[in-house]
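2 protein chains.
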Amino acid sequence: MNKKGNTIFFENAPRITSFAAVCGSKESEGIIGSYADIALSDDMYGESTYEKAECKMLSTAISLAVKKSGYKENEVDVLFSGDLLNQIISASFAARDYNFPFLGVYSACSTMSESMLLAAALVNAGYINSAVAATGSHFASAERQYRYPLELGCTRPPQAQWTVTGAGANLISSGGRGVKIVNGTMGRVCDFGVTDVNNMGAAMAPAAADTLIRHFKDTETSPEDYDLILTGDLGALGSRILKDLTWEKGFDVSEKHVDCGEIIYKVIESEFQGGSGAGCSATVLNSYVLTKMSAGLYGRVLFAATGALLSTVSSGQGESIPCISHAVQLEN
Amino acid sequence: MNKKGNTIFFENAPRITSFAAVCGSKESEGIIGSYADIALSDDMYGESTYEKAECKMLSTAISLAVKKSGYKENEVDVLFSGDLLNQIISASFAARDYNFPFLGVYSACSTMSESMLLAAALVNAGYINSAVAATGSHFASAERQYRYPLELGCTRPPQAQWTVTGAGANLISSGGRGVKIVNGTMGRVCDFGVTDVNNMGAAMAPAAADTLIRHFKDTETSPEDYDLILTGDLGALGSRILKDLTWEKGFDVSEKHVDCGEIIYKVIESEFQGGSGAGCSATVLNSYVLTKMSAGLYGRVLFAATGALLSTVSSGQGESIPCISHAVQLEN
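Chain order of the listed sequences is A and B. Under this note's numbering, the very last position in the first sequence is 412; numbers go up by exactly one each time. Under this note's numbering, the very last position in the second sequence is 412; numbers go up by exactly one each time.
Hint data in this document are derived by calculation from the structure and do not stem from the laboratory. Be a bit skeptical, because a hint or two may be false.
Derived DSS-like pairs: lysine-lysine, alpha-carbon spacing no greater than 27 angstroms straight-line [unchecked claim]:
| # | chain 1 | residue 1 | chain 2 | residue 2 |
| --- | --- | --- | --- | --- |
| 1 | B | K372 | A | K152 |
| 2 | A | K148 | A | K297 |
| 3 | A | K260 | B | K84 |
| 4 | B | K346 | A | K83 |
| 5 | A | K147 | B | K260 |
| 6 | A | K84 | B | K148 |
| 7 | B | K83 | A | K148 |
| 8 | A | K260 | A | K372 |
| 9 | A | K84 | B | K84 |
| 10 | A | K83 | B | K297 |
| 11 | B | K147 | A | K152 |
| 12 | A | K147 | B | K83 |
| 13 | B | K152 | A | K83 |
| 14 | A | K148 | A | K260 |
| 15 | B | K152 | A | K297 |
| 16 | B | K152 | A | K152 |
| 17 | B | K148 | A | K336 |
| 18 | B | K84 | A | K148 |
| 19 | B | K297 | A | K84 |
| 20 | A | K83 | B | K148 |
| 21 | A | K297 | A | K147 |
| 22 | A | K260 | B | K260 |
DEER-style ranges, computed between Cβ atoms [claimed, not checked]:
| # | chain 1 | residue 1 | chain 2 | residue 2 | range |
| --- | --- | --- | --- | --- | --- |
| 23 | B | G379 | A | T371 | 50 to 58 angstroms |
| 24 | A | R227 | B | Q397 | 55 to 63 angstroms |
| 25 | A | G379 | B | T275 | 46 to 54 angstroms |
| 26 | A | K329 | B | N154 | 54 to 62 angstroms |
| 27 | B | T301 | A | E155 | 46 to 54 angstroms |
| 28 | A | L232 | B | R236 | 50 to 58 angstroms |
| 29 | B | G256 | A | T392 | 37 to 45 angstroms |
| 30 | A | R227 | B | D332 | 47 to 55 angstroms |
| 31 | B | T371 | A | T371 | 50 to 58 angstroms |
Using N, Cα and C, we set each Cβ at its ideal position, and we do this for glycine too.
The whole structure should be built from the sequences, with the hints applied where relevant.
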């Protein structure tokens, strides 16, 4: 039995053979700008709608990851992908460009880690040789779907975050070189009763804390054992809450914790609490972090993307925001 | 390597230990009425909104499947689920009721077979002992999300189908009795350019044909080797197209093929081409079909649910409808 608690152990250590990221113009000014494969100067990416631009970013990231891996497209066994748009159309329409199978997943902004966990599980078990895990988001399509069309010019409250325009993908395979995925912790749905759709950080922090603590217990590790504990898109406020929640349970992550949403933008002004969206952790992981890991600067990274499982309908009907966080442990 | 083509073989043959279905009032008049665990007399199910009713059906089906399995709730390792509502809120909110991990999946009306495929893969690999696969849909929530609110009283064209009100779940485990899952064929996205959102059967038939044919080739079987080839919700028109498409490729499925959408309603009047929705194949499989299989009336069933991966946004932007079909082979 290669599972303990909610953590699955990958004894054959599938490898992240290649990774790729495409980011928007605003994102390119920050930490990932010089690490992303493509930094857009125009967030429309030559398309006529935001949704088509989002899909094109995702498809480009997938293509680049496949190309960089040395695998041919017809050698890829399956694509795991999903995104924030209704019915995950970015992923589905991106998958249309490829001849390999597609398994659609959804855990909001935790989709990157869920995809990687499932891809690694199938590769490790020997079912498949290679799988692509990918996701992305676009500020403008997310705003008009979840909140208001940009054209309305609505003001944003100070606890809000800014949906990242970008997409990331990696190809996970059974051998060769590259960062290893040694285990994955499956997230549980946590709902602490937050109903403010502008305060995702506060809603998601308990889910991140739940997964991190269970991960530490399942793997018998502590925060000190990691070079980096990377959460998805809690933002500045959510990160502070996470540190408090884990500290209360006896795990001090403050020295090792970094949140992708907190670091992605160069100057945080109108973004308030920082970045969010499925593309946030996907681009940071698949550019800056994996580059640094490949160079040996980080040895062991715990990647716990975080997702808020709400919709405009659930919020409109007065529901609170259930959240989730799936984690994968990466080692070089 | 326990994979050939796009088919993964489960040599340890995970079992469907238990199954459960909840169906709406209209559905209870048909073939599944006497097999479903709960047949609702009121499709609101005591809730204030259609979406909450859909979520409650799904949660009830999950609970029933767990209860009938003999497993305790804290022994269940993970839930695979998704649904048609934006951001799969039925599944996410149903998962909130449980303490076990949740891996959200989405392939529209093919979600049942995708969930079962992934659950069986993780169980077969020895990662986990048990997983629940579940999905559902609700006529009223689907109509108002995808088409028009019922209150508008819009007429429906003759090629339309009727979204099933119902939910189905099964618990897949590593041992014991029950129907075996012997392999699973991962679907590819197929898009034949259909743009009529009222004609899902025509859009999905090519995806079903693609998966069935690849399944036959990967497993070196032919339609005669099956007691039943069960597609998800092609409806009457889609089923005819499927038979033509497979026949053209040298596989005559006409003797063995049954479509859940075609058989679910007692009299087809306003439903035109029959049932559709994620709950269509989920309820038929998890009531009538698995009961008959458990009784030894069917020995080998190929279950290929079918999904249309569109959204109102993609259709509004003039896109055609990409479709997919994942299949699992069941044996008693």
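Quick one: which hint numbers does this structure break? Sort them smallest to largest. Hint check: 1, 2, 4, 5, 9, 10, 11, 16, 17, 19, 21, 22, 24, 26, 27 and 28 fail, others pass.
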